[in-house]
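S.K.: So the protein sequences, as listed, match chains A and B. Using this note's numbering, you'd call the opening residue of the first sequence number 1 and step up by one each time. Using this note's numbering, you'd call the opening residue of the second sequence number 1001 and step up by one each time.
Treat the hints with care, as some may be off.
In silico contact screen, one side only, chain B against chain A (beta carbon under 7 Å); selected entries [said to hold, decoys possible]:
no.	residue
1	Ala-1047
2	Ile-1053
3	His-1060
4	Leu-1062
5	Phe-1121
6	Gln-1184
7	Ile-1198
8	Val-1199
9	Ile-1202
10	His-1204
Chain A is faced by these chain B residues, among others (derived, beta-carbon under 7 Å) [claimed, not checked]:
no.	residue
11	Met-1063
12	Gly-1064
13	Trp-1141
14	Thr-1145
Please keep in mind that the hints were generated in silico from the structure rather than gathered at the bench. Quick reminder that beta carbons are idealized off the backbone N, C-alpha and C, glycines included.
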Amino acid sequence: MPVQETFYEVMRQHGITRRSFLKFCSLTAAGLGLGPEFAGKIAYALETKPRTPVIWLHGLECTCCTESFIRSGNPLAGDVILSMISLDYDDTLMAAAGHQAEELLEQTIEKYDGQYILACEGNPPLNEDGMYCIQGGKPYVEKLRHMADHCKAIIAWGSCASWGCVQAARPNPTRATPIHKVILDKPVIKVPGCPPIAEVMTGVITYMIAFDELPELDRQGRPKMFYSQRLHDKCYRRPHFDAGQFVERFDDEGARKGYCLYKVGCKGPTTYNACSTLEWNGGLSWPVKSGHGCLGCAEDNFWDKGSFYSAVTNFGSLGGAEATADKIGGILAGAAAVGVAAHAAASAISHIKSSKSRGARHE
Amino acid sequence: MASSAAGSVPKSAYRRPLYVFEAPVRIWHWLHALSVVVLSVTGYLIANPLPSIGGEASEHFLMGNLRMIHFIAAYVFAIGFAVRIYWGFVGNKYSRELLYLPVWRGEWWRALFEEVKYYLFLRREPPHSDAHNALAQSAMWFFNTLLGLFMIVSGFALYGEGLGLGSWADTGFGWAIPLLGGSQQVRMLHTLGMWLFIVFTILHIYMAIRADIMSSQSSVSAIISGWRTYRD
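Next up, chain B with everything else stripped away, as it sits in the complex (with noise of 0.2 Å):
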C-alpha cells in the first residue's frame, strides 16, 4: 500500500516530518500513562495488601493513603480520558484514530491484514501509516478507549460505595454493580481490567521501542515532540 503522504514526496529526497502528535495528545498521553502506573501499583496492593504492621491503628494510615493516591489518580485517568475525547473532536485528523475503529472501510481491513503480516515476518516493510498503523489502531482502541472506559465506569461505581447511596459516583455510575453481577464480581473485573493494561503496557513499549529500531519512522520521540521523523 503506496501511501498518499509518501507519494507527493519525491522519492529521492528526504520525507520531511509531519506533525502528529499535537500537544494536548502528548500532554494526555504521559499523564494517562503516568496514571495508569500509579494505579495499577496502588489497585494491585488495594487487593493484596502489604504485610501488616504493627503498632497502634492510630498510627497509621497505609491503606488509607493508597486508596487516595488511587482516587486522586483514577481522577487524572478520568478526566484526562475526557479531555482525549473531546480532542478527538476538535483536533488533528491522527486525534480522531482513537475514538473508532472504521471498520466499514476495506482499505482499512486491508491495512491491518499487511500490518499482521509484517509482524507475523510475512513481508519485510510495515505498510506506510502516519499516526497509527491499523494494528495498533485497534489494540488503542481495545485497550484505552475500551477498556478506559470500562475501567471509569467500574471503579466509580466502586468509588461510590464507599461515597455511600445517593452520591454522584452512586448516581452516576452504581448502576454497574447489579449490571455486572454485585459488587465482589465488579471488583475482580476491575482488578483483571488492570492486568489488561499491564499485558497493554508491554506489548506497547515493545512495539513502540521496535518501531524505532526496525522501521524507518520515528515513534517513541514524536510522543515527546509530536513530530514523526523519518529515516529515507
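Extracted from the complex, chain A is given alone in its bound form (with noise of 0.2 Å):
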C-alpha cells in the first residue's frame, strides 16, 4: 500500500493555516451539533486518518446543489471542504477534463477501491437504456453503477438524487429514478432540499470522513442530525400559528406582521429540513423569513403534491384535475346527503303506496 497523505497535510498543502483548520473542526462540531470536545477528535481524526476520497458525479441536475455547496456560509468550511473533494473528482469543479478527467475515475478505483465515498448530485434516466443522460460517450447510468461498485458509501445530494425531484415529476418522461432505486447494495445517504443547505452538505461529508462512519439516518434515510425535525417545529413564527394568526393574503396587514403563513401554503409542517435553526447563506434568511411559505422542496415528490400556495393540497396519484382532499370529501359527503334526501323521498312514497294498499286490504 503507499503512504496516504492526510487531509490535514492536504489542507496545509493547500495554504490553509493550522489556525484556520482547528477554527474549521470547532465549527463543523458545533454544526453537527456535538459538544466542543468533538472539535479536538474532528481535528485528530482529520490530522491522522489516511484521506478518504470523495467522487462526487452529475446526473440530470440543476448544479443547485453544486452552487449551494460552494457558498457554504462560512468561506473557510467550503474552502477546506472543497480543497478535500476538488482533489478527485467532480467534473463541474476540477481543472482537468474530457479524457483526462475520465481517467482520474478509474484510477481512484484502483488506488482506492471500495475506499471512497461516491457523491451524487442528480439522478440517472432509466428510459431508452438511459440515454437521456450521457457523459463521456456513455449513459450515465452505466458511470453511476460502475463508481457505485467501487465506493464505500453513496452521498445522494439533494431532491434529484434522493427523491427524483422536478425531472421525475409526472409524468417523468425520461423516468429520472433517485439514486437508492437504482444502486441496490451500497449505503445511500440521502441529504434532500433543492438545494440542501450548504453547512448540512459539508457537515455530512466532514462527519462522514472525520469518524469514518455513516451519520445516524432515520427512516428514509437522512441524517437525523439535520432532518430529524420539521421546519413547523422550530419556526420563530410558530407563535402566531398556534395564536391563530395567519397571513390570508400576501399584501395583508397580517403579512407586514409576520403572521404564520400555514394558510398560503406554507409546507413547513410537512417538511424535515433545518432550514429554521440553520437558515440559508451564512443565518442570513430563509424562505420564511423572507414572507413566502416553504415549497417543501425537500420532500419527496414535492412536485406533484399540487399548489405551493393552499395548506389543502392535491393528490398527487389523481391526474392532473384539481383534486383536493377537500373537494373529493366535500362532492362525496355532497353525493351522499342528496342520495339520502331522493331515497327519504322514494322510501316516502313507497310507504304511502304500501299503507294504502294495505288499507283497501282491510276495508
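Got two chains here, each in a separate frame; can you build the complex from them with the hints?
M.R.: Put into C-alpha cells, the structure is as follows:
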C-alpha cells in the first residue's frame, strides 16, 4: 500500500493555516450538534487518518447543489472541504477535462477500491437505456453503477438524487430515478433539499470522513442530525400558528406583521429540513423569514403535491385534475346527502303506497 | 329469509324484545360518535383555519387549543376503538359483527343481496336480522373498523411528528408516513378519511331513523337501551 496522505496534510499544502484548520473543526463540531470536545476529535481524525477520496458525480440535475455547496456560509468550511473534494473528481469544479478527467475515475478505483465516498448530484434517467443523460459517450447510469460498485458509501445530494425532484415529476418522460432505487447494494445517505443547505452538505461530508462512519439515519435514510425535525417545529413564526394568526394574502396586515404562512401554503408543517435553525447563506435568511411559505422542496415528490399556495393540497396520484382532500370529500358528502334525500323521498312514496294498499285490503 | 329467532316465536304473539347492544357497546357507540364529531370539526379547522385574529401572539392559543382538543378526542376515539375490539371477543355474538365480514358464507351474501334489493325498493319487507343486517354490517366494518384503524394509524403517525423522532407515536406509527407517500400526503389522506366519516354519518343516521319509521323493529332506541323491540 502506498503511504496515503492525511486531510490535514492536503489542507496545509493548499495553504490553509493550522489556525483556520482548528476553527473549521470547531465550527463543524458545532454544526453537527456535537459537544465542544468533538472539535479536538475531528481535528485528530483529520490529522491522522488517511484521506478518504470523494468522487462527485452529476446526473440529471441543475447544479444547484454544487452552487449551494460552494457558497457554504462560512467561507472557511467551503475552502477546506472544496480542497478535499475537488482533488478527486467533480466535473463542475475540477481543472481536468475530457479523457483526462474520466481517467481520474479509473485511477481512483484502482487506488482506493472500496474506500472512496461517491457523492451523487442528480439522478440517472432509465428510459431508452439511459440515453437521456450521456457523459463521455456513455449513459450516465452506467457510469454511476460502475463507480458505485467500488465505493464505500453513497451520498445522494439534493432532492434529485434522494427522491427524483422535478425531472421525476409526473409524467416523468425520461424515467428519472433516485439513486437508492438504482443502487441497491450500497448504503445511500439522502441529503434532500432543492438545493440542500450548504452547512448540511459540508457537515455530512465532514462527519463521514472524520469519523469514518455513516451519520445516524432516520427511517427514510436522511441524517438525523439535520432532518429529524420539521421546519414548523423550530419556526420562529410558530407562536403565530398556535395563536391562530395567519397571513391570508401576501399583501395584508398579517403579512406585514410576520404572521404564520400556513394558510398561504407554507409546507413547513410537513417538511423535514434544517432551514429554520441553520437558515441559508450563512444564517442570513430563509424562505419563511423572507415572507414566503416553504415549498417543501426537501420532501419526496413535492412537485406533484399540488399548489404551493394552499394548505390543503392535491393528491399526487390523481391525474392533472385539481383534486384536494376537501374537494373530493365535499363532493362525496354532498352526494351522500343528495342520495339520502332522494332515497327518503322515494321511501315516503313507497310507504304511502303500501299503507294505502294495506288500508284497501283491510276495508 | 325467515330467521330462526322469528321461527321460535309463535306467529300470532308479539315478538319479545331482544337484548342486542350490551352496555360497553352502547357506551362505546356514543363516545365514538361524540369523538368523531369533535375530531371532524377540529380537524377541519386545523386544515382550514378560521380567519386570522389580531393582537399579540401571546394573548391567544386558538390553534393550540384546537389541536389539543383534537388530540384528546383522538385518544377517546383510539382507546374506545381498542376497548370495542376487545369487547368483540368477550361480548355477545352481536358484538362480533364489527370485527369481520363473514364473506365465506353464501348465506351472508344472499342476505346482503336481499338487503340491497330492499333499499332499491325491489322487495317490500327487509330480510330479518337481529343486530346488523348484512349491508349495515358491511358499512360498519368498512367505515368504522377499517377506516377507524386507518385514522388511528395515520393520526398517531402525524401526532408523532410533533412529539419528535423516537417518541412512542413515532416508533409505533411513524412507519406509515413514508409508506403512504410523505407527511403532506398522509395529512391529505387523513383529511379525506374525515370526509368518509361524514359520509358514513349521513348514511348511518338516515338509515337508522328510516328503519325506525319503515320497519317493524326499533333502531335508535336500541342503541340507547340496548333492547331491540318489535312492533309485530
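S.K.: Next step is simple, just say for each hint if it's right about the structure.
M.R.: Structure-based check of all given hints:
no. : hint     : in the structure
1   : Ala-1047 : 5 Å, holds
2   : Ile-1053 : 5 Å, holds
3   : His-1060 : 4 Å, holds
4   : Leu-1062 : 3 Å, holds
5   : Phe-1121 : 5 Å, holds
6   : Gln-1184 : 4 Å, holds
7   : Ile-1198 : 5 Å, holds
8   : Val-1199 : 4 Å, holds
9   : Ile-1202 : 5 Å, holds
10  : His-1204 : 10 Å, violated
11  : Met-1063 : 5 Å, holds
12  : Gly-1064 : 4 Å, holds
13  : Trp-1141 : 18 Å, violated
14  : Thr-1145 : 19 Å, violated
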